[in-house]
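4 protein chains.
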Amino acid sequence: MIKAGIIGSTGYAGQQLVWFLYRHPEVKIKFLSSHSYVGTSYPQSYGNYAKFMKDICIDIKEAEDRMPEIDVLFIALPHGKSFDLVKKALHLGIKVIDLGADFRIKDSSVYAHWYNLKHKSVDLLDKSFYGLPELYRKDIKNANLVANPGCYPTASILALAPLLKFNLIETSSIIIDAKSGVSGAGRSSNLSTLYGECNESIKAYNIATHRHTPEIEQALSTLCEKDITLSFTPHLVPMNRGILATCYANLIKDISTEEIYDLYHIFYENEYFVRVIDGLPETRWVKGSNLCDIGLRVDERTKKVVVVSAIDNLIKGAAGQAIQNMNILFGLKESQGLELLAMAP
Amino acid sequence: MIKAGIIGSTGYAGQQLVWFLYRHPEVKIKFLSSHSYVGTSYPQSYGNYAKFMKDICIDIKEAEDRMPEIDVLFIALPHGKSFDLVKKALHLGIKVIDLGADFRIKDSSVYAHWYNLKHKSVDLLDKSFYGLPELYRKDIKNANLVANPGCYPTASILALAPLLKFNLIETSSIIIDAKSGVSGAGRSSNLSTLYGECNESIKAYNIATHRHTPEIEQALSTLCEKDITLSFTPHLVPMNRGILATCYANLIKDISTEEIYDLYHIFYENEYFVRVIDGLPETRWVKGSNLCDIGLRVDERTKKVVVVSAIDNLIKGAAGQAIQNMNILFGLKESQGLELLAMAP
Amino acid sequence: MIKAGIIGSTGYAGQQLVWFLYRHPEVKIKFLSSHSYVGTSYPQSYGNYAKFMKDICIDIKEAEDRMPEIDVLFIALPHGKSFDLVKKALHLGIKVIDLGADFRIKDSSVYAHWYNLKHKSVDLLDKSFYGLPELYRKDIKNANLVANPGCYPTASILALAPLLKFNLIETSSIIIDAKSGVSGAGRSSNLSTLYGECNESIKAYNIATHRHTPEIEQALSTLCEKDITLSFTPHLVPMNRGILATCYANLIKDISTEEIYDLYHIFYENEYFVRVIDGLPETRWVKGSNLCDIGLRVDERTKKVVVVSAIDNLIKGAAGQAIQNMNILFGLKESQGLELLAMAP
Amino acid sequence: MIKAGIIGSTGYAGQQLVWFLYRHPEVKIKFLSSHSYVGTSYPQSYGNYAKFMKDICIDIKEAEDRMPEIDVLFIALPHGKSFDLVKKALHLGIKVIDLGADFRIKDSSVYAHWYNLKHKSVDLLDKSFYGLPELYRKDIKNANLVANPGCYPTASILALAPLLKFNLIETSSIIIDAKSGVSGAGRSSNLSTLYGECNESIKAYNIATHRHTPEIEQALSTLCEKDITLSFTPHLVPMNRGILATCYANLIKDISTEEIYDLYHIFYENEYFVRVIDGLPETRWVKGSNLCDIGLRVDERTKKVVVVSAIDNLIKGAAGQAIQNMNILFGLKESQGLELLAMAP
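Residue numbers (the numbering used here), protein chains in the order written: chain U, 1 to 345; chain X, 1 to 345; chain H, 1 to 345; chain W, 1 to 345.
It should be emphasised that the hints constitute simulated quantities derived from the structure, not laboratory data.
Ideal placement from N, C-alpha and C gives every residue a C-beta, glycine not left out.
It is possible that part of the hints are untrue.
In the DSS-like style, the derived pairs of lysine-lysine whose C-alpha atoms are separated by at most 27 Å in a straight line are [as the list claims (entries may be wrong)]: (1) LYS61(U) x LYS138(U); (2) LYS303(X) x LYS253(H); (3) LYS165(W) x LYS303(U); (4) LYS3(X) x LYS127(X); (5) LYS30(H) x LYS333(H); (6) LYS106(W) x LYS303(U).
Distance ranges between label pairs, derived from CB positions [said to hold, decoys possible]: (7) ARG137(X) x LYS120(U): 54 to 64 Å; (8) GLU62(H) x LYS51(U): 51 to 61 Å; (9) LEU92(W) x GLU69(H): 31 to 41 Å; (10) MET53(W) x ASN116(X): 26 to 36 Å.
To give an idea of the chain H side of the interface with chain W (calculated C-beta under 10 Å), a few residues [unchecked claim]: (11) GLN15; (12) VAL182; (13) CYS224.
Here chain U stands alone, though its shape is the one from the complex (with noise of 0.2 Å):
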């Protein structure tokens, strides 16, 4: 049994975390530790476990302390929080997925620069891999220090990925229209988030300064070989959870959507949490699940190809991976815990 104590488990993510963790064979959760519902039952924060689960929440000073009871930390705290959780927890010899963006970006000065802040562990970014597992699964496997991917990202990434690898589109024109659910924006009360603020409409955000752009640059970059600079737009959508993510390229060669879709098929083809449909994506039938489906047309008349890509915010874009980057770390089978389709409706 895998030992994991999880930090910042009262958040939307947190909780995900929690409720793949409770039921995955392989795992013991010895603590849980949270920042405004210390010496309160887990059930008290959400009612689905009332009965279940009888942990009370602790907090991180006393997290610190019951580290060497565990394995793997699991950290799910707004960015500039985990610093020294993770030098410490490295210390101890434990393995570390930060849901949080500390360690994703390698360049500090990138860092820096997007997220208004002097990166505190420089030394750590060399030792940190991105845990998006379709196409950094081999460096995963061996790393302390796991920085799983951004909601966005994930999904962006494995939209755009097979495009960059077969050298299909012009680098200069890629733009992502994402598309993300209320969830995404955290359990913390605030005016923009109250259900009358966010039900019944639609909105852009963030244009051309959300966060997660430069992680997107970064992993597109490496893949191809090329810097990228990319056009990012997020949008918040009146639903719980999901992600469309709408990307659009131009294309340098001429080919069909059938050709595209068979390298798609090529580029994906073991992998167990994408799905490349012949229809377009719905957030809808991922929603609960860790997968990733994908559609795609190209659109003739504007020598433009469009891939839709969705997932579920919460579980593909940061709890399921977590536990799929886990998987890896401790040699388990990649899908353990994580095998649910999507409930419908």
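Since chain U is already given, all that's left is putting chains X, H and W on it; use the hints.
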């Protein structure tokens, strides 16, 4: 392995059955039958199964021909459609779990009155058992034909049973005000369940005439050995899933909220799927699970008790309960394949 | 032109007031006061007014200083906050319409009990009039201080008044099961009204303890000249607006649905804002309007009557009714500025 | 008084027309025609009109017979259905405002290609005018036949027009990623717009093939006197109303966000219904109004501009714009009867 066939597999309840049976470790699905999607692959109707399920929907004729392959037949059809199927399956020695209404009402004249239809298999009524395991587990164990309860009745009966069992209320005073998500209305195209007609609105419907009324009355009458007539009002709520039943009754003794809670805890002591909770149920905490949450309050000023229950209408109110019944019929652990908690948010 | 000031203009009810006053042909808004947004322009809080309204929110101190400029003061504050304001305004000869709860309950000990607060202006209770025009139009006409009814009471009282007026029911048997959209919980940031906490779920809350209970009882008791104690249960429904009140009572005579309808038609014969409809009310048909729809059914089996009413909680349940009261106070046509029908879908 | 007839009055756009015409001070509705609800009263289809409107829906034959009674005919039918009606009405000297697509595309071969239908009134194409007042006000003034724009085109053209007018962008680089509420799909029963199929999900559809594409291209090509081919992708969002169009293009000069804003302010300086706002549009702030909100950002890293527009698809995207056109045709104030702001929340 239990070999199962499903009739009516492309409705919402039918699909939920497929969902649970597909992942049940002791079950093998032998065929899926559908009225509207014959000849198409199951994922064409429900994209969540893409890549994972390849079954082609067969018609009811073929399903009948293939009955000899199966151990258990699940039927999820509108009322009046299952008489012949049930007869044929039973004749072949197949266990039948009917999610429809045809075998729930013991008195065929009551059935005829509420369903406006003459019952065509009156002889089987005696041999059918009402599949609410928390009350009738022993009978179900040896049944060949299980009449799976309706969604509203499941929530209502579980909420009210202890009050009647412990003789706490005036039996003529019961009022059930129930609220259901839209999936309860099924997956057929009709104006009243269009998105634009249901979203951002709530309504009551079928006041004093809903067909689930005699079903609730029958179960509660049996329980307290007294004819019960009650008032039942269903409502349609803009959400996909969930039923909340708010039940009112006049207390006939001076008893506190805490004392009634004690009796509920005793009544449901060993029930895996019933959670008697201190707070008030919310459908989100049971959505996606086979659980029923129950909370209650005495209104001392009016000498009434208010009991609130919450279930997922498609699971504990339909498919999950059907699997629970199957587990009982085949001697499996009752919760097998049904141990999921609600996924929040 | 009636010169109006609004205190608490940035809450949902306050904003709805501004919305109607802004387009009312006989009103000029003189100031908007806000607790949280002092010094910002109104459209910064509510983008719907961009380009059309330039008012800057002032604080309550400045609002008091500017009282001499106005003829009528609307107050939309939490209970316990308006005592001094009301006193000051009345002293200046300004008509006051208080959307809060402080002057609704005539008996200060009842107020103290339910609101857990000592009433600080007991002397004004006699001079305040309950602003439900359909029942108290004559009193309101000459009032200086109007206590605008709560949202649940408006829906409940209008639903039940004819039953009591015509002496059709057992007065001790009344049960009100009410369902409200989330805007009823106000616009302050708190966890329980986050999108992710309310969406796709329904719950009951404050069973037997909701503060609108004594308000409903007071109005109905006055009407039938008999002390009424009733059971009231509110629910939270995932939609922005709307209240549906499903009211139950035992009939004391043998009377049909049609006969009761006749009495309702008589009772509300000349009421512009009440529609007695043959079908059952749905909140979507009144959303955005000042209308109250009422439908009813006799449940012959249980000798009960079920009356359902629907209003828009922010309009007939708050701001619209306040304008209706203002129209009465100033001798305008009662429906002026309030003649919008619901916009569907 | 302008006497108006409406064909197709029971669809969502038709009903929105009725809603505005009913309260328009200069209009009298003479007849409402419907395909599906002939012989029923209008409030039977739309309960919001109960008590206030008594019109009985007539069939199209009767509508034709009663054309002599009217001054203006509004047609809200699917494409291909209005050819004969338009001809007949024009022949009688009646002004026609067609909310359908048949007279929007000037080139009948383009129409035939995208709509897969031969145009049956090619001679009238020259005499029809595209009813986007902000661009073609002068032409509309003298028109007899107004082709009211589609919903997506209205949002898209208004967003992009200034960029083209001021020659700021590479015309081959335009991408429009548009998101619509479900009412855009109409009020006919079909599986894909059932509540359970749309709620809690987002999808793209008709990529590279949506019929609004040539309509947008035609308007923008006219504007910049250059053939424009662009990429348009519509999405379905779980909300009743609203369109958000996120438009991308490559800048051909070095220009800042502020400078482009200045040009937009100039371009739309005198437009009542267009608000160029500093923030980013949200559909909730225009819902229920005839307004179009526009915001924009330069993405300096990629030399792209992102312009976002928001409209209510049924109002500025259909019925409201039709009324606006009627006002122009009949010499009324353009905003008459259309001055409502969005009602929030």
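TODO: Against the structure, test the hints numbered earlier, and report the numbers of the ones violated in rising order.
DONE: 1, 9 and 13
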